[in-house]
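Protein chains: 2
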Amino acid sequence: MDKVYVAVLGLGTIGKGVVKVLQNNADQWVKKCGAEIEIKKALERSQEMVRQVALPEGVATDDWKQIIDDPDIKIIIEVLGGIEPARTFIIEALKRGKSVVTANKDLMAEHGEELFAAAEESETDLYFEASVAGGIPIIAVLKQSLAANNIKKIMGIVNGTTNYILTRMSRAGLSFEAALAEAKTLGYAEANPTNDVEGYDAARKIAILASIAFHTRVKFQDVHVEGITKITAEDIAHAAELGYVIKLLGITREDNEQIEVRVHPALVPVEHPLANVNDAFNAVYVHGDAVGETMFYGRGAGQLPTASAVVGDIIEIAKNLQRNCSGRLLCTCYDNKKIKDFGDVVSKYYLRMNVIDKPGVLASIASVFGNHGVSLASVIQKDADRKENAELVVITHKVKESDIQDALKVIREMSITIRIDNLIRVEGS
Amino acid sequence: MDKVYVAVLGLGTIGKGVVKVLQNNADQWVKKCGAEIEIKKALERSQEMVRQVALPEGVATDDWKQIIDDPDIKIIIEVLGGIEPARTFIIEALKRGKSVVTANKDLMAEHGEELFAAAEESETDLYFEASVAGGIPIIAVLKQSLAANNIKKIMGIVNGTTNYILTRMSRAGLSFEAALAEAKTLGYAEANPTNDVEGYDAARKIAILASIAFHTRVKFQDVHVEGITKITAEDIAHAAELGYVIKLLGITREDNEQIEVRVHPALVPVEHPLANVNDAFNAVYVHGDAVGETMFYGRGAGQLPTASAVVGDIIEIAKNLQRNCSGRLLCTCYDNKKIKDFGDVVSKYYLRMNVIDKPGVLASIASVFGNHGVSLASVIQKDADRKENAELVVITHKVKESDIQDALKVIREMSITIRIDNLIRVEGS
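Going line by line, the protein sequences match chains Z and P.
Residue numbering for the first sequence follows my numbering, starting at 101 and increasing by one per position.
Residue numbering for the second sequence follows my numbering, starting at 101 and increasing by one per position.
Keep in mind that a hint or two might mislead.
[As the list claims (entries may be wrong)] Simulated pairs of lysine-lysine, DSS-like, Cα-Cα distance not exceeding 27 angstroms:
| no. | chain 1 | residue 1 | chain 2 | residue 2 |
| --- | --- | --- | --- | --- |
| 1 | Z | LYS243 | P | LYS330 |
| 2 | P | LYS120 | P | LYS252 |
| 3 | P | LYS165 | P | LYS103 |
| 4 | P | LYS498 | P | LYS437 |
| 5 | Z | LYS131 | P | LYS243 |
| 6 | P | LYS120 | Z | LYS319 |
| 7 | Z | LYS319 | Z | LYS195 |
| 8 | Z | LYS120 | P | LYS437 |
| 9 | Z | LYS131 | P | LYS458 |
| 10 | Z | LYS131 | P | LYS319 |
| 11 | P | LYS253 | Z | LYS120 |
| 12 | P | LYS330 | P | LYS319 |
| 13 | P | LYS243 | Z | LYS103 |
| 14 | Z | LYS252 | P | LYS165 |
| 15 | P | LYS131 | Z | LYS253 |
| 16 | Z | LYS131 | P | LYS252 |
| 17 | P | LYS448 | P | LYS253 |
| 18 | P | LYS195 | Z | LYS120 |
| 19 | Z | LYS243 | P | LYS103 |
| 20 | Z | LYS253 | P | LYS165 |
| 21 | Z | LYS438 | Z | LYS482 |
| 22 | P | LYS131 | Z | LYS195 |
| 23 | Z | LYS437 | P | LYS448 |
| 24 | P | LYS437 | Z | LYS131 |
| 25 | P | LYS165 | Z | LYS243 |
| 26 | Z | LYS458 | Z | LYS252 |
| 27 | Z | LYS243 | Z | LYS500 |
| 28 | Z | LYS131 | P | LYS500 |
| 29 | Z | LYS131 | Z | LYS253 |
| 30 | Z | LYS243 | Z | LYS319 |
| 31 | P | LYS330 | P | LYS500 |
| 32 | P | LYS458 | P | LYS482 |
| 33 | P | LYS131 | Z | LYS437 |
| 34 | P | LYS131 | Z | LYS438 |
| 35 | P | LYS252 | P | LYS195 |
| 36 | Z | LYS120 | P | LYS243 |
| 37 | P | LYS120 | Z | LYS252 |
| 38 | P | LYS438 | Z | LYS243 |
| 39 | P | LYS438 | Z | LYS131 |
Hints in this document: simulated from the structure, not taken from any laboratory.
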């Protein structure tokens, strides 16, 4: 095969990036995979988008049939995003024996099983490196480079928008609202930032990583998700005083054959490798039984970083086509481990609350915690916000989620409690 | 193929680790590569070493012929280290159609071309992930995940011993000698630490990374090497004041179709991702034209991290054997770029010197620099070490190596110069 013909579905930001990288480094492909890579078709309805790329006459089309029915096209590059029509296109392509590269985390986190079944059936390749952490190699790393390991834990900063916001809150003392506004101005946050700031985007990514790490299909719906909208400048300042930074983490770990999978803000010790991942950068920290601690750092989004991952996958698939070994690396979900109930998850906690400032208050609260098996690592009384009130900041030892929630139910009802400001997990220590 | 038979050459630290990982996670291999992986032979002369692993009767042998002549053995795992007999064993194995995994940086950095020629000839696999940065996936990352990129630059902390020493000098204010003694006590440094502290170990690793990144055979002999023995506690303290940490970096970059490849200590800005890589950890920072900045972090040495990389390679090769596509990923040195003369390398510099403290001294020195095209970013006069002397710390703008060396030749001969204490490059800013 002298040429591998590909079709790009969608000429949005990522699609344009893929075209750019394929064209810019075109002199390399024969050397890298034994064949030229040529874009035979690009599916795009918008003439505006088509005009923004330098594709030869007749390549752009709004007719899917021209692509799916073309036997020359061996690789479909799905960069449309969203569930439909991406899902239908990918399944049709796989069924016709075409291999697929996708950057679509929504789809992989919800319909991965169905897509892999289609790929396995036709012995084609389905690669999706760009779906998690943009340009950072993490899916190939887990499936191949770290394959010798039983993975113990993954903690990822996998959403650049929220990491930018938290970095600005931390470094410039901004409020959440001010940092979000700045992120919007810079194009890091969308007009409707829900998907990012509520953690849904990170949840899709950690579901995909959990599926690979623990060989068990984990879906978006399995992930416990909390966003960063309740994090205040005060929390960040208190955390800093205590030697921590606050990050939005996607976390998955195996414990007694059960999988934990969750997204929430967390206090991370300043000396932890993830603590120094700032601005819109992403990083995935992986702990394996043989390799120990590793971390993979880079740009988790953006046109060219994402295209780097997509084109890397195209090259791998092209090599497989050349060597007649498509389907060499398929679904690795050969186990079926249970997802742990969230109430059973064990963490350390940071708790910030306001209480009436009178003798015996701390003793009462400590006693409620003690009754629920919550032991305290440190208690700091902070500046009072009014004369008769005191702010308490508590760091607990490891405790079961359901136990601390039960304790907080009691504390919330106590007459000395003015309010519970925030409860944030402590990770990586 | 239900079973892939392998032979381990050498039951030293790494060999024992490979046996451990292959045995501990044995239930996984069928799921991960479609076949069991069984150690059929282990080459080891020392009965003491043999007793330290749990291999069945008859597996250990001191007879290479029993291995090379066994047609069942498909993969040879070379963890002997050193050039001979490793080189001969690997070439014989490849010629007989056996695939090879090696952790041997000395061999890859000096004889890579010859080994790859043998692998290509017989269409077998030659994998060597463990030869650089231990457990950190970097070779597969460069060859596959980042294949879409033109790599611009790699900077690596690829020697754990020197990173431990520099971390202790930096954090505890130790002298080089004291930190080295501590590293020896902890087993991080060998009795004869030359290979590490003079940068030779790092040079082999950066030669291998340069070969892959720039598709050009770069050998150990091509690397300009400076070690860390001249770094003093004063340099580290001055660097910290200026916002830098000192790291031993392996650096390779492409500039005008020429390859720079060098190992030397460098001042790295504290906010650079490499600045936070401490103790015996390694990290490789890679800048690609599409992906932008990335970094890969983990344990660069040690029994199990290294075994993680070796066994990861074994699994890849076993998959290739199952799919009949051995040789799928071979030598990527398809270019033949020139190695840049070291005198043409451009850097910023930190210079610390002692001068006689009298009016006009700074003007004289600045004038020499100016005559040689060296422009100064900052000049700081530090505490005098005797009343009539002053310590000057200078940071330059970018300047050609040969120009600053010429300037220093003149300055060294000036009557106002007492001594030039240190000249260290500044990188990553």
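So if I understand the rule, the pair passes when the alpha-carbon distance is 27 angstroms or less; does P/LYS120 with P/LYS252 pass? Status violated; Cα separation ~38 angstroms.
Holds or violated: are the alpha carbons of P/LYS243 and Z/LYS103 at most 27 angstroms from each other? holds, 21 angstroms
Starting from P/LYS131, check that the Cα of Z/LYS437 is at most 27 angstroms away, please. holds, 15 angstroms
Restraint check for Z/LYS438 with Z/LYS482, where alpha carbons must lie at most 27 angstroms apart: Distance of about 42 angstroms is beyond 27 angstroms: violated.
Straight-line Cα separation of P/LYS120 and Z/LYS252 no greater than 27 angstroms? holds, 17 angstroms
Given pair status - Z/LYS120, P/LYS253, alpha carbons within 27 angstroms: Judged against 27 angstroms, a Cα distance of about 21 angstroms means the pair holds.
If you draw a straight line from the CA of Z/LYS243 to the CA of Z/LYS319, is it 27 angstroms or shorter? Distance ~18 angstroms between Z/LYS243 and Z/LYS319 Cα, so the pair holds.
Holds or violated: Z/LYS131 to P/LYS500, with C-alpha atoms at most 27 angstroms apart: The hint is violated at about 34 angstroms.
Are the Cα positions of Z/LYS458 and Z/LYS252 separated by 27 angstroms at most? violated, 45 angstroms
Given hint Z/LYS195 paired with Z/LYS319 - CA-CA distance at most 27 angstroms: holds, 23 angstroms
Does the structure keep P/LYS330 and P/LYS319 at a Cα separation of 27 angstroms or less? OK: P/LYS330 and P/LYS319 at ~25 angstroms, within 27 angstroms.
For a C-alpha distance cap of 27 angstroms, please report whether Z/LYS131 and P/LYS252 respect it. holds, 18 angstroms
When the structure is compared with the earlier hints, violations turn up for hints 1, 2, 6, 9, 14, 18, 20, 21, 23, 25, 26, 27, 28, 29, 35 and 38 and for no others.
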